[in-house]
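First to last, the sequence lines map onto chains F and U. One point on numbering: in full-length UniProt numbering, the residue at position 510 of the first sequence is 510, and numbering is uninterrupted. One point on numbering: in full-length UniProt numbering, the residue at position 239 of the second sequence is 239, and numbering is uninterrupted.
Hint data in this document are derived by calculation from the structure and do not stem from the laboratory. Fair warning: this is a prediction, and the values are worked out from it, not measured in the lab. Quick reminder that beta carbons are idealized off the backbone N, C-alpha and C, glycines included. Keep in mind that the hints are not guaranteed to be accurate.
[Said to hold, decoys possible] Chain F stretches covered by chain U per the calculated footprint, using a threshold of three residues with CB under 8 Å from any CB of chain U:
no. : region
1   : 191–197
2   : 483–490
[Unchecked claim] Which bits of chain F does chain U cover? Going by a derived footprint, with three or more residues having C-beta under 8 Å, they are:
no. : region
3   : 201–207
4   : 218–228
5   : 327–338
6   : 648–662
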Amino acid sequence: MGLLRGCGGGSGSRTPVRGSLTKLAYYSTVQHKVARVRSFDHSGKDIDNEPLYEISVQEEITARLHFIKFENTYIETCLDFIKDHLVNTETKVIKATGGGAYKFKDLIEKKLGLKVDKEDVMTCLIKGCNFVLRNIPHEVFAYQKDSDTEFRFQTNHPNIFPYLLVNIGSGVSIVKVESEDKFEWIGGSSIGGGTFWGLGALLTKTKKFDELLQLASKGQHTNVDMLVKDVYGGAYQTLGLSGNLIASSFGKSTTADKEFSKEDMAKSLLHMISNDIGQLACLHAKLHNLDKIYFGGFFIRGHPVTMRTITYSINFFSKGEVQALFLRHEGYLGAIGAFLKGAEQDNPNQYSWGENYAGSSGLMSTSPDVSPLQRTRSGTFDMLEMDRLERPLVNLPLLKDPSTYIPDTVDLTDDAMARKYWLTCFEEALDGVAKRAAASQPDSVDAQERAEKFRQKYWNKLQTLRQQPFAYGTLTVRSLLDTREHCLNEFSFPDPYSKVKQKENGIALKCFQSVIESLDSLDWEERQFALVKGLLAGNVFDWGAKAVSDVLESEPQFGFEEAKSKLQGKGRSLLEGPPHKCALIFADNSGIDIILGVFPFVRELLSRGTEVILACNSGPALNDVTYSESLIVTERIAAMDPVIHSALRDEKLLLVQTGSSSPCLDLSRLDQGLAVLVRERQTDLVVIEGMGRAIHTNYYAVLRCESLKLAVIKNSWLADRLGGKIFSVIFKYEVPCK
Amino acid sequence: MECVQRRKQIFPWFGLDIGGTLVKLVYFEPKDITAEEEEEEVENLKSIRKYLTSNVAYGSTGIRDVHLELRDLTLCGRKGNLHFIRFPTHDMPAFIQMGSEKHFSSLHTTLCATGGGAYKFEQDFRTMGDLELCKLDELDCLIKGVLYIDSVGFNGHSECYYFENPTDAERCQKLPFNLENPYPLLLVNIGSGVSILAVYSKDNYKRVTGTSLGGGTFFGLCCLLTGCSTFEEALEMASHGDSTKVDKLVRDIYGGDYERFGLPGWAVASSFGNMMSKEKRESVSKEDLARATLITITNNIGSIARMCALNENINRVVFVGNFLRINTISMRLLAYALDYWSKGQLKALFLEHEGYFGAVGALLGLLDSA
């Protein structure tokens, strides 16, 4: 229970109890530290010697959903835990689903003094399924045993309905889900997990489900099954049939005289049941014209063996037309659904949620033989945490095809070389990040200790990902960065760069006017070139990039002019031709980047009559400029510059938040307010700046309007990969074909 | 199957269907042999005819299903009786050996065979028996056989029948069904495995799907679970067992019907589901296990057949194959399940000559080829 922490007044708990594992879902409010910036009142003060704004660390309360599962043996301990966390709540009812809801009803009611509300299993399952499909990126995967990447994660489709859910518990239920509230049981089969287990136990005298699967994975079904080639002899080729197809399951055991090995019988049974389920599922999919089937239930849950046989069966019976899909958090669906049902008054569906990588266990190990320890651990105590986001997230309306949009440029689950490089890269940078985190809170007595805990936690995550790159969905540079941010937050380092950003913003602001003056002195053509160069040069200043932080640490004098000279000039004006109606700019770093790179560019756009939406992160990540910092910075620039001033006043320049706290950018999960504004202002140009947003992500993103992706490659390995040199420039101007 | 003219296909007339478990043999015994023919009939042929028609059992495993014999049949202008004989496929070498000893090859007849074994044993026939097999397509033969036997009827009775009130022991009745206008129909052949065909006309059909959970699975699992050694023994055990001790029913989980999904409490939720528990494993009998195996396999075939019927938009489902031989439990269950789950839209039909249609089709193929 020590794994659970920071649980405030939970508003309710839900316990689905099924089979030998209990899954518990609860809602908690988590207090965590956030860095806030606040503008000083500068009137009558010597602003030259004052910091630009005040940084304070405050406690903020956010909602978090916790899902844990553990063996039923611990049910009493678990109930004690719930009891401790229910003290101050109004909760009188606990929601329970699954067979155990009957089994443990009395115990729960007695121990907690709460009424147990039994919820319908399937309703909960589907509610949970809809929730994860909508809220967890890379929730869905296809399983391909014989490919390099066993787990092939799918991008979230904007429209999740309709789908077929095949739940393989002791029996099989096939449910067609058409909308949030509309689903229909369209069929089922009594041949399911219970048949494998029950019949398997009779045949092999092996009692445990997992052990039966183990047996099966070692067996040869051809000793027990009658194959097509057994019936046809060697001549089956002439019939266009594969000789290895099973003609009759257990067809060779029609004799009392022969002994069959446990392994062989278990394997034959596994094939028989998986094939049968796959066949029925395909017949139902065909009848209802559906091509996606999600499989769940204890038969599937985290068992590569059954995922493999089911996938094979679906491919075989549908001739590849239907895809067998699995869910990372399948084991939690019932718990999530029961929880959501109980929390309907809070309406969790109106929020967006984000998976917290720091607090969630990854997908199970592929092979129990490879890492039995990890498997046992995650099989018996597994958790998922979801943070409630302040505002709902939606697709950028300008995405050409939201259903095929993939934010990430390189799939590190696929690309073993890239994975090795980046994992090492993040490992090597870790000490520095921990040091910086500790240094960012000089007044805190336990900062060192927390920084060490952070270091240990992130290190462990990286080791897990080395073994199981698929643990949290597709492994990408973005997920590595996000996991680091989540781990930092976990140990109360909400914004390690806050002071650095504050200082750099102050310095850059002082240079703003002279930069503007020098730009204004140039003729039109030179100015456009200088503006783009400025954008790129400003972007070199990035503490997140290792190469740059090395230069910055060793050469504090490293200045704007010098950075500019390091760039190979490459610029192409997109500012010729008629002005754009409205430009959406995703900003990157604080300081020089935003103030001396982005703002002069914004100013030029505004002068041309183009409206500008400047989008900054909602929460801190590295030295990226946050929305609240951008408000202060803009206010200060407006005070110096009449163009910015009037644009702000006339709402030609609009500051918005992205809804994200990541150094990368997922255009399918953006703040709803931003999306509304983009649509209202008829945005026809999107500018994406920086390595995280324009190279690690969105390099291949296709938009319905003109776009400019620009960044300086501040990583020599990546530069090599892209065929350039370090500090070379990405300048990708794309015009959609009509 | 009308023969336009009296063909010169020489006797003996056999049709052979060599399946995964059983060999089905049909033999046409001419009853209109003229004195002249009698005179000419070689000794070998006579001895074969006598052997087959005067016995009901051959060796230790061959059996003639006397009750299925079709009498006074006119086939290609000849009058005679059609005999139905079966023996296990593993005795095939002995059968070929016998053919060799009886100098079958000297008769210069063609032996038409279908089923996988026609391929598997082709070489053995050639080397051991000096016989060239004429291999015929399994599904062609099956359909040909079904249509023919149904058209000639069963000694004046209907070949095709159905069950009324299939689950009610008192009121259940086997009633004749007129399959005069049979198309479209779904033909489900349950042998060791199962093949499902959609038949749209005499020569327009397709194999829709199949399943490996068939008669072989029932028998194979029964052997492993109960130590029985014959299909008959397995069925006998099943008839005395109680599958609800082995299977987990909907009511075992939900206490009654699962109304949210309209599932009745008596429906099986998990076949062998109770066997997950050690206590229950120790309290069931072999008979219970045999019954549960039978119910599991039968329900599953019913369920796949029903889905195929829906997908193909066909409402008559004809079940054939030797799995149904002396297996009233399965037939009634199929009849009931199809009716219940389709809300009366689908009808399960059965044919008296269950497993012999492939062999009949092979025989017809022989006569066609002349």
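Now the hints, each set against the structure:
no.: 1; hint: 191–197; verdict: holds (count 6)
no.: 2; hint: 483–490; verdict: violated (count 0)
no.: 3; hint: 201–207; verdict: holds (count 4)
no.: 4; hint: 218–228; verdict: holds (count 4)
no.: 5; hint: 327–338; verdict: violated (count 0)
no.: 6; hint: 648–662; verdict: violated (count 0)
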